[in-house]
Each structure stands twice: as C-alpha cells, then as structure tokens.
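Given only the sequences and the hints, what does the whole structure look like? Please build it.
For reference, the chains in residue letters:
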Amino acid sequence: MSHPATDALTPKAMVVLQDRPVVPFTTWLAEGLRLCSETRRGLQVVTPPESRITMPLRLVLTGPDSRWVIRADGGYYDGLTGVPLQWDGAAFVVDPEARAYAPGYTTPPTAPIGAQLTVTFRVRHTPETAIGGAAEQMCRSLTDMPPSGWGTSEPVTGVWRVEDLGEMFGSRVSAAVWLTVVGGGDGGRPVVGTMLLSQVDDAAEEAVTLVIGYTDPQETPIASLPAIIGALAAEFPLVSCFAQLSPGNADLTTGPRWVGPAAPIGLAVSGSAPGPPGVAGQRIGEARSPTMWYSLGDGRRQDGWQRYQQLTGYLRTQAS
Amino acid sequence: MTSDIIALVRNEPDIPTVVEGMIAFGESLRMRPAGPGAMHLYDPDGRLLISIEAPELVRVPGEVERLLGPQMAGKVRPPTWWVEVRAAPGMPEARRIARKFAEDIVHWQGGAVWPPPPEDAL
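Chains as they are written, first to last, in numbering that gives the first Met the number 0: chain L, 0 to 319; chain Z, 0 to 121.
Think of the hints as simulated: they come from the structure by calculation, not from any bench.
Every value quoted in this text rests on a predicted model; they were computed, and no experiment measured them.
Among the clues, some could well be false.
[Stated by the list, open to error] Which chain Z residues face chain L? A few, computed with CB under 8 Å, are given here:
| hint | residue |
| --- | --- |
| 1 | Glu52 |
| 2 | Val59 |
| 3 | Pro60 |
| 4 | Glu83 |
[As the list claims (entries may be wrong)] Derived list of chain L stretches under chain Z, where covered just means 3 residues or more per stretch with a C-beta under 8 Å from a C-beta of chain Z:
| hint | segment |
| --- | --- |
| 5 | 9–18 |
| 6 | 288–296 |
Ideal Cβ placement from N, Cα and C applies to all residues, glycine included.
Laid out in structure tokens, this is it:
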C-alpha cells in the first residue's frame, strides 16, 4: 500500500523528503495528498533550509498534521511558522520543550524582499457567465495578461483557455475541482494561484486565490483595487473579495524564514451595508450588482487586522 | 536523502524501450508498471530503486523557468514532456540508475536533464 513517492508512512503521516531548490506540488505529491486525506494522515514534506516551496504547495501544506519540515542544524523546524519540531515516532510534532523560534527561521534574509499581493474571491456563476472567467478578468486587471496555464498539479500542463475550464468542469461527476493557475511566464509579472470549482445549490462557484509578485513593494496597485474589484462585480456575481499584502519573494516562492507580517487592504462584499463605526464603506460595481468595498488599511499597518475583526463581526450580525 | 531527477524530453517518451536498452547494455533491472504511464525499476533482489512518473506534456510557457530556473528554460522550449524520476532513499545504486535513465531518454528522444551535469552548472 506504500505510495512510491513516500519515504516514511506511519499511522499519522506520510513523510516525503525533497532536496530540490524549488519544491512544487508535483503530480505525485498531489497523489500523496489524496491518499493522506482518504486515510486521515498529514502530508509532511522535509527539505533542507535552502529549499523554497511554491504557492500551491504552501497552500496545501496548511491542512491538519500537514507541515513543511526544515532539517537544519541537527534539528527540525516548521518552515511556515518557525516552531521547532521533533519526530514523535509517527509524525513531526511541535517540540514541547522549545521556548524560541528556530534560529534559521529568524535569521534575516540577505537578498531584498519583494511583496506579494493576495486576492481571494468567490463568484457564483449564472448560466451566462463563464467558469474561470472571473480568475481571468482579475489576472488581466492586475498583470495586463490572462493566466498562461492551468492544471491539477505542478508544472501546470494546459494552456489557459476559459472554454476548456467550462468543458472540464461540466464533464466532471465529482462535486469539486481544485486547480492551480499560473501566469506571467517569459518576463510578465508573476502570478500563481489556486481555484476551487464546485457546485453550490444550483450554481457553479469559483473560489480563487491569486498571488501577484512585486520586486518593488511600491508598485503594488493598492489604490486601484476598489475599481478593479468593482469591475469584477459588474461582470460576475461576486460574493466577496479580500485583498492583503505581505512581504515575500517576487517569484512567489516561500523560503523557510520570517520576512514580516501580512496586513489587510480591504474586503468587498455583495450588498449595501454601510459598515461598522471606524470602517468606511464605499459603493463599487454597478447598480444592478450592489457591492461594498471596506477599506482596512494600506497592506502594511497591523492595526488593519483590528478593523478586519470589527468588520467580519459586523457582517455576521448583518447576515443573521 | 531521496533524490529527484527530471528529464525534459522533446519527443513523446517511450520509457519501456529506454529501460530495455539499459538492461540490454548490462544493467540488472526489473521493470514493473506502477499506475497509468508510471514505472518502477527494481534491483535483482526485488528492492525498489527508482520510480518514474507518468510523462506529462507541458505546453505552458514559463513553467520550466518557474520551477527549474532560467538555465533549464534556455535549453528547452515548450511544449516539452516532463518526466519525474525519483531515486529510492538509502540505495546507493538508485541515484546512478535514475541519472542514467534520464540521460538515456534525453539521448534518444531529445531534451535536457535536471539537475544539469556538474560541468554545466558553473
């Protein structure tokens, strides 16, 4: 029953050793993850501290018991949180004796750090709107180009054509399809994301996370976001859209060290609720698709998270 | 440490023929299918040496550079067949066999091997 890519299979975890400089979400890691979720195991990917992981792999390694494990200085730490880890005989777990972050995690990077803009949104399609169209429009708005490709793992294999996504989703019997989306190859602005297509009640839902990389953090189009998201809401039935900024590599890989915190920019939600005290709401989109944009900060200031809490609490009371 | 080797192959890879060639030239290997398009190679004692994943045709520009770096992107243009080869951990022969397989398939069907041989890596 052992999966060929597995280096250790225990009752709690599937452990895979990797030593390449950029570790992607390969087909065999995708297969491993599927086995893990079927058997309630965690997927634990062990790398040296020089390795970086791609955005899709980073997003899938956040599941229960799943980890990115860094082997350094005779010990182990969690590549995404810096917490020292130990092997308990069945899985890598947090070292209960540890009192500080791993030194490798807190050592400042030597190269300049860029910025990563993360936009997470959900649209619920009508029979008239194209599946994948919302991801395409957002990608064009932020990078001037449509995505270049899509696939179920990395490398992505299919050239981007919205028609193919619709056909693929329509032909599936399963309830949901998880995809990787990439763009910006050959000198364009890098974008990597994931897309979950699912059937919610009678509608096809497209839930997208796109991450766009900037070498110069000043180039992030923060002021244009309300207009960009408003334009998306005018074309597609938008449920919500959240934008945040974090320090990080412009090539959208993640290294196993602290580079600074993410901070919110704003949240767009369909409807016309004015917003809680202290959080200004602004109408965006068109009259037939009323959408509010709530500005939360500049993507750098941490007090934006307090406004985020206030806003989500407020929106819950509006919904109930 | 497990080691990954990737063959970027210009023409559709024919894995069994390349492995049969390796055996004909004196490698002691046994080949068994491991799922659709994938192969496992074993030593004469039945121990798993390498797994060869099903080749995938990558048509998307930029993927080789994004995942393997600009040096590889300069060697291979899309579309390219991407073949992942994994050497089993703790088997000294496995790395050599994995590299040999990748170099042979590229020799016969065009392309390039990652990581590049040491003399290229400067």
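Sort out which numbered hints this structure fails and list those numbers smallest first. 6
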